[in-house]
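Starting from the known structure of chain A, fit chains B, C and D with the ligands onto it as the hints suggest.
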Amino acid sequence: MSEANNAHNVSYLEYKGQYKGLLAWIFSTDHKRIGLLYLYTMLFFFSVAAILGLLMKTQLIAPGYTIMGPQTYNSLFTLHGIIMIFVIVVPGLPAVFGNFFLPIMIGAKDVAFPKLNLLSWWFYIIGILIVLTSQFMGDGPPDTGWTFYAPYSFRTPTNVLPAVFGAFVMGFSSILTGINFVVTIHRMRAPGMTWFKMPLFPWTLYGTAWIQILATPVIGITLLLIVAERLMGIGIFDPALGGDPILYQHLFWIYSHPAVYIMILPAMGAISEIIPVFSRKTIFGYKAIVLSTLAIAFVGYFVWGHHMFTSGMSGRALYTFSFLTFLVAIPSAIKVFNWVSTMHKGSLQMQTPFYWAVSFIFVFMIGGLSGLVLGSLATNVHVHDTHFVVAHFHFIVFGGTGYAFMAALHYWFPKMFGRMYDMNWANLGWGIFFIGFNTLYLPMFYLGIMGMPRRYYDYLPDFHGGNIVSSLGAWVMVSGIVIIFANLIRSARHGEKTTEKNPWGGKTLEWQVDTPPTLENFEEIPTIEKGPYEFED
Amino acid sequence: MTVHRDDLGDKMGMWLFIFTELLLFGMLFVVYAVYRSMHPEAFKLGGDELDVVMGTINTIILLISSMTVAMSISAMQKGNKKLALTLLTITLIIAVVFLVNKYFEWGAKFEYGFNPGAPELLELGHGTILFFGLYFIMTGIHALHILIGIALFIYVVWQIRKDKIHQTDYVWLENTGLYWHLVDLIWIFLFPLFYLIH
Amino acid sequence: MNSGASTFVEGVDNAFIFILGISFFFLIGITLVMILFLYRYNEKKHPKAVQNAGSTKLEIIWTVIPLALVMGMFYYGYVGWKPMKRIPDEGVEITANARMWSFSFRYDNGKVTDKLYVPKDTAIILNLNAVDVIHSLYIPAFRVKEDMVPGLANNRMWFEPTKLGSYSLFCTEYCGLQHSYMHTEVVVMEPEEFWTWYADTTGVALPVEEGADLALLGRQIVESKGCLACHSLDGSTIIGPTFKGAWGSNVPVITQGQDREVLYDYEYVKRSIYEPDYDIHRGYRAGQMFSYEGEITEQQIELIVEFLKSLNE
Amino acid sequence: MSEEKHHIVSYRTHAFVLLALLVLTGISVAITQLEMGPMNTLAAMIIAGIKAAIVLAWFMHLKFESRFFAFMVSAVVVVFLLVLLVTFFDYSYR
Ligand code: HEA
Ligand code: HEA
Ligand code: CUA
Ligand SMILES: [Cu+2]
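Chains as they are written, first to last, in the numbering used here: chain A, 18 to 554; chain B, 679 to 876; chain C, 351 to 663; chain D, 246 to 339.
Looking at chain A on its own, in the form it has when it is part of the complex:
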């Protein structure tokens, strides 16, 4: 190995390994490169799915046929949902920022199983490709919604199989990432980093990883049963053969509810990193935040039934689930209060990542509080499967996970690429995006309360007003997103170079290593003495 290629002082971006060009990336086992692989894949598919969302909103701008027919619309929201959930927000922050920063933040040179890590990206890509084949094969794109409810999912003649199977393969990716992270966190923390000296982002990844491990197999087997049902007519969920379609919903949500916490926990972790740094203040209530993370991960496993309040479950199950749902809201509330308290008497640095973090809290509150409306039995019966739910989950998935993703991207961008983005464009993009976002989704709450069902290609004229506003909002938001992405992409390639180790003044380990990090992150593994957010008075 030549001197210039020494693993200790060459940046991971420039390191020359066995392969060249693209291969040096897709066969790299370096956790940082894998993180970026995920990032690029996600940005691409996010754009695809976002355009689908935009097309749907355009269709909904007026009742009746606007730009597409019902079959197209139905397959659009199916693909939109599948991509957004399984490709973007479930892997989301763990796969991108977790891979990149978890080892650095706990003082390790890589994750526990680097090869497995690469394998997991491959599973991910293969899964996506399988899902995509469903769009182009003979019987037409699947039209089941991302929930694949039985018995529709095996009655419809469309290509449900590849979509289901692709999601199944992506499940493996998620499981492998989870296993990797748990072992990494248990075994590879730097000397002196006790559990309660670990930064909060790794903590949330730890909670998330456990959910990934314990919940993902459930969706795996459920999707396999759908495959068996379609191929062999086995009858497990087919009412005509005695199966119970409601059992399918149980199994589906036993995974998919915990999955929403897979989406939000790392997002909360990223926010918990950003807020103290830009407040120049140690995080308020570190232990409370850690405990609430673990509480969400655990209790979140037992509330799945709140998606099925009108499905024909027994009354006793209904109020049990409603009760548990309210319990799981408390830890989220605790986090919000702690974040806001962290800002109290801080010295707030008004910079792009902080804007994203603060607006995250705002939209997350709207999303979360609307979740309370959904969690209560009487109100859920009225708004279930209406646009109220659509508004809830866009606010909390896009508003929560999406905003946190953007916050994290703007926060860690200089470290990842060794370049800085243009702050003014970034702030402008954020502003337009924020306005568009609220114009797009707030009217959906109103539409839902008025009774407009979701997954409706066409609607009664009564609902026209809200839809116009909402559709216009979508276009405003696109302009914002285009500015943001254009700025980031331009900056990643031509932005101002920087080797400044710590542009924001953070205290966690990733800000103590080189920018961009060297191949092995640390020349020498540091010994940790202080907590992660010890800012001086």
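Keep in mind that the hints were calculated from the coordinates and are not lab data. Small disclaimer: the values here were computed from a predicted structure and weren't measured. Each residue gets a CB set at the ideal place from its N, CA and C atoms; glycine is no exception. The reader is advised that the hints may include incorrect statements.
[Claimed, not checked] Cut-off 27 Å, straight-line C-alpha distance, at most; resulting in silico cross-link-like pairs (DSSO-like, lysine-lysine): (1) A/Lys362 <-> C/Lys407; (2) C/Lys398 <-> A/Lys518; (3) C/Lys398 <-> A/Lys214; (4) B/Lys842 <-> A/Lys132; (5) B/Lys689 <-> D/Lys308; (6) A/Lys524 <-> A/Lys514; (7) A/Lys304 <-> C/Lys398; (8) C/Lys594 <-> C/Lys659; (9) A/Lys547 <-> C/Lys398; (10) A/Lys547 <-> C/Lys407; (11) C/Lys575 <-> C/Lys620.
[What the hints assert, rightly or not] Computed beta-carbon distance windows for the label pairs: (12) D/Glu280 <-> B/Leu825: 32 to 40 Å; (13) A/Leu30 <-> C/Ala636: 53 to 61 Å; (14) A/His511 <-> C/Asn402: 39 to 47 Å; (15) C/Glu611 <-> B/Glu801: 28 to 36 Å; (16) C/Lys620 <-> B/Leu822: 42 to 50 Å; (17) B/Trp836 <-> A/Thr515: 30 to 38 Å.
[Unchecked claim] Far from chain D, by Cβ distances over 12 Å, these chain A residues were calculated: (18) Leu60; (19) Thr89; (20) Arg333; (21) Lys362; (22) Ile378; (23) Leu445.
Just chains B, C and D with the ligands, lined up with the frame of chain A:
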């Protein structure tokens, strides 16, 4: 890059993987429990159709194979490569015998038309359809795990021969052993639930 | 919005007000506090942060108070919902049938309608039935919704309308292509008016007058039963084979695994409607069309046939 | 980095464990041939649970591993049982 080795970490990874498998089967057990609670009679009658003798034989040999694997780890720890290899070969043979038995068992069920979608089965009522649907799915996925186990054993035997797995580095053997015990664990529950209910 | 249209509205709306009230309080409160902080503790105004690592007392306060509040929410939600599950013994029982993609309502005296007609101030008990996939019956004005699950025994819902008028009724469980067109209306009538309507069973047997346009009547049936969702009139394939030019043709079908040809005649149409999976038109899938036995009378089939014939002209 | 000590389980112990498992299998086959109604399943499940515990403890070395492993396994079992329980809040009261 420095290769770092952490046997305990590797073992932990394997356990985590085993948890995913446990939950995967766990959900099938949930499905089973639900349908059994709905159709208790049909599940009893279905159980009568299964061959207890065959099931018991398979249980016994699977337990034996679990012991041989466990012993082979002890042998490896003591540095007795030959014994370890012999024990693993026995395990492999038992695994194959298990599958052969399963083949005949399934074959008989197909003959009677208990396989999913068979017109005879469709006439037997909902409970029976569900029972046999679950029987094929659950024992099928179990058999798939046996196949994977066989592949893993072949790999491990090969590595032991090449001395890649040896007295001080045998975590692969240990993890394969763990996997095999998982297969056994699941069968421990499958067996009474399908064969023994009356 | 349509307040007071059923007895449930009050309970549900109370829960709404309670939860939304608290939500707005916290949302606005916390947002204002954040904005205040952004202003007060901006680095320009407040260059030196004051460290504070937390306070157990505060943590307890903001665990306990929200906990109490959400328990309140749970309570209101429970109270508003409980009566929906307490189905009374006395009331007008109607069987609601859902299929891709239409509702039909069958009354005790055999009357079948597309719209749901109900008397005011009377408990209405709906027996929910779905033929093919899950549908869901939703009447926003009454604040009721319940899934219609195929094969689920004893699947019922109830409500008591308290205001005259007609209200939208939607299918809210995604059920395929025409899910968004699967809606109809509930008509609430004065009880006397309802019972007169109910007693008038002339609609059960169609009054086919001399000289009526039979094909047109057939067309109306085909439209109201939702056949056109799957069968086109212009020769294109939607989900099932087109009706255009079908009458009198020889249809290649698969009957219990056997290939054969049958003549598209009255018998064939009747069998296709009552036992759709007996003959499967080659190239189409079984299990898409479900039997209309009990929903379409033989007399109606005759009219449908007249309509099919008319498509050949 | 293999600083942990390895506990070597003797062949004899393994043989005893197998013997125990086989005896339990025998008992469960015998017991379920009796007519005891729902108790059959209960008995069979209890025996299966004991067998599983034995396999976990000896064959899978949980007894000799750090306590954390046993903790993880029990946590997973608890989660699974709770899921089963909560599911039956629906099915027992339909
Ligand atoms: C990131 C993902 C995410 C997250 C974190 C959540 C969080 C929550 N969700 Fe959401 N949810 C989804 C994603 C998510 N959800 C999706 C995708 C769907 C639809 C799936 C589909 O059908 O397609 C859905 C659907 C959904 C339903 C089913 C709706 C229906 O179909 O009828 C329900 C019902 O209870 C629900 C409830 C909740 C609750 C109570 C929370 C809570 O965890 C929220 C907690 C947060 C707060 C409470 C706000 C912050 C706190 C304060 C501001 C302090 C004040 C607080 C108090 C006084 C308590 N969600
Ligand atoms: C992460 C999750 C996520 C995100 C971000 C979004 C984003 C959007 N969604 Fe989302 N949506 C879901 C998850 C998400 N959605 C899910 C799970 C469902 C349920 C599906 C189901 O029912 O099964 C759903 C359903 C759903 C519906 C309901 C369909 C129905 O029930 O009838 C609608 C309707 O308007 C909609 C619209 C939108 C819109 C307009 C956006 C927009 O916010 C997108 C806006 C962004 C852009 C338009 C960006 C454009 C970007 C570019 C052009 C890129 C430029 C690129 C470079 C420079 C590289 N979505
Ligand atoms: Cu019927 Cu939607
Ligand atoms: Cu949920």
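Hint by hint, here is what the structure shows:
1. Straight-line distance between C-alpha atoms of A/Lys362 and C/Lys407 comes to about 18 Å, which keeps the hinted pair within the 27 Å bound.
2. At most 27 Å may separate the alpha-carbon atoms for a hinted pair to count; C/Lys398 and A/Lys518 meet this at roughly 22 Å.
3. Simply put, C/Lys398 and A/Lys214 have alpha-carbon atoms about 24 Å apart, close enough for the 27 Å limit, and the pair holds.
4. Proximity of B/Lys842 to A/Lys132 is assessed by CA-CA distance (about 19 Å); at most 27 Å being required, the pair is judged to hold.
5. Proposed proximity of B/Lys689 and D/Lys308 is supported: the alpha carbons are some 15 Å apart, at most 27 Å.
6. Restraint check for A/Lys524 and A/Lys514: the C-alpha separation of about 22 Å stays at or below 27 Å, so the hint holds.
7. Under the criterion of a C-alpha separation no larger than 27 Å, the hint pairing A/Lys304 with C/Lys398 is consistent with the structure, at around 25 Å.
8. At most 27 Å may separate the alpha-carbon atoms for a hinted pair to count; C/Lys594 and C/Lys659 meet this at roughly 9 Å.
9. Under the criterion of a C-alpha separation no larger than 27 Å, the hint pairing A/Lys547 with C/Lys398 is consistent with the structure, at around 21 Å.
10. As the CA atoms of A/Lys547 and C/Lys407 are separated by approximately 25 Å, the hinted pair is consistent with the 27 Å bound.
11. Between C/Lys575 and C/Lys620, the direct Cα distance comes to roughly 15 Å. Compliance with the 27 Å bound is thereby established for this hinted pair.
12. At about 38 Å, the beta-carbon gap between D/Glu280 and B/Leu825 stays in the expected band of 32 to 40 Å.
13. The supplied range of 53 to 61 Å is met by A/Leu30 and C/Ala636, whose beta-carbon atoms lie about 57 Å from each other.
14. For A/His511 and C/Asn402, the Cβ-Cβ distance of about 42 Å falls inside the hinted range of 39 to 47 Å, so the restraint holds.
15. For the pair C/Glu611 and B/Glu801, the beta carbons lie near 29 Å from each other, so the given range of 28 to 36 Å is met.
16. Checked against the hint of 42 to 50 Å, the pair C/Lys620 and B/Leu822 passes, with Cβ atoms roughly 47 Å apart.
17. In this structure the hint that B/Trp836 and A/Thr515 lie 30 to 38 Å apart at CB is violated, the actual value being about 51 Å.
18. Consistency note on A/Leu60: stated as away from chain D, and its beta-carbon is indeed over 12 Å from all of that chain's, at 35 Å minimum.
19. At the 12 Å boundary, the C-beta of A/Thr89 stays outside the reach of chain D, the nearest C-beta of that chain being 36 Å off.
20. Annotated as non-interface, A/Arg333 brings its C-beta within 12 Å of a C-beta of chain D; the closest such distance is 4 Å.
21. Interface exclusion of A/Lys362 from chain D stands, the closest Cβ pair being 40 Å apart, more than 12 Å.
22. No Cβ of chain D comes within 12 Å of the Cβ of A/Ile378; the nearest lies about 31 Å off, and the non-interface call holds.
23. No Cβ of chain D approaches the Cβ of A/Leu445 within 12 Å, the least distance being about 47 Å, so the stated non-interface status holds.
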